[in-house]
Structures are given as C-alpha cells and as structure tokens.
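Peer 1: Sequence:
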Amino acid sequence: MVYCIETPDLPKDTSILDVYLNGNTPLEVLHKPEFLGGVTIVNVELLLRKDKNGDMYQAVTKPNFESFKTQLVPYFAWSNRDQAEMTVFIPVIWDI
Numbered sequence: 001m002v003y004c005i006e007t008p009d010l011p012k013d014t015s016i017l018d019v020y021l022n023g024n025t026p027l028e029v030l031h032k033p034e035f036l037g038g039v040t041i042v043n044v045e046l047l048l049r050k051d052k053n054g055d056m057y058q059a060v061t062k063p064n065f066e067s068f069k070t071q072l073v074p075y076f077a078w079s080n081r082d083q084a085e086m087t088v089f090i091p092v093i094w095d096i
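Those letters in the sequence shown? Residues 1 to 96, by UniProt numbering.
Hints were generated in silico from the structure; no laboratory data involved. No false leads were slipped in.
Each computed DSS-like pair below joins lysine-lysine, with the alpha-carbon atoms no more than 27 Å apart:
(1) K50 <-> K69
(2) K69 <-> K32
(3) K50 <-> K62
(4) K62 <-> K52
(5) K52 <-> K69
(6) K12 <-> K52
(7) K12 <-> K69
(8) K12 <-> K32
(9) K12 <-> K62
(10) K12 <-> K50
Quick list of the computed label-pair ranges, beta carbon to beta carbon:
(11) P26 <-> P74: 17 to 25 Å
(12) W94 <-> F35: 26 to 34 Å
(13) D55 <-> Y75: 32 to 40 Å
(14) T61 <-> R81: 31 to 39 Å
(15) S15 <-> N80: 20 to 28 Å
Being a predicted model, the structure only gives us computed values, none of them experimental. Ideal Cβ positions, reconstructed from N, Cα and C, are used throughout, including at glycine.
Generate coordinates for the entire structure from the input sequences, incorporating the hints supplied.
Peer 2: So, in structure tokens, the structure goes:
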C-alpha cells in the first residue's frame, strides 16, 4: 500500500516541499470507517522546515524544524476532500 501526504493535512500556507519524516518516529496505523468511505490511515509526527526565506542563494546551515502531528492517506484516496497538492515522496531525516 502506498500512502501520501496532502496539503489539507498540513498547517496553513505550508509547502508540501518543506515536509520531512523523522526516521525515528513510530507510525500508528488506524482504520477510520467514517473517513472517505472507510480507509486505513497512518498517524505520524512529521517535521516542517521553518527556516526558508525564499532567497535563491543563501548560506548553507543546519535547517530548523518544527514537529506536527498529521495523517497519511492511501494514495488511491487522495484529492477527495478539496483541490490539493500531494506527494508520496517524503524525505527522511535520521539525525535531528
């Protein structure tokens, strides 16, 4: 089964490209019969990169992250709540 993250499950005005997975965080699998006709989701704590300033060229520094809890939905069920961006490719960070 392939899972994805969608923008409706991210904090407001978050770019989907600023989301990372902490490789040491446990995943919680939960079946939600009332959600999208009944799907199994994955609850997870993701990391949001907070130090991007939009400049094309900037000094290379260790990124600052903020954690937040959200859900991953099955790939087949994405785009059923609103128009949204989605990705199945979430970069993993092992050392925070």
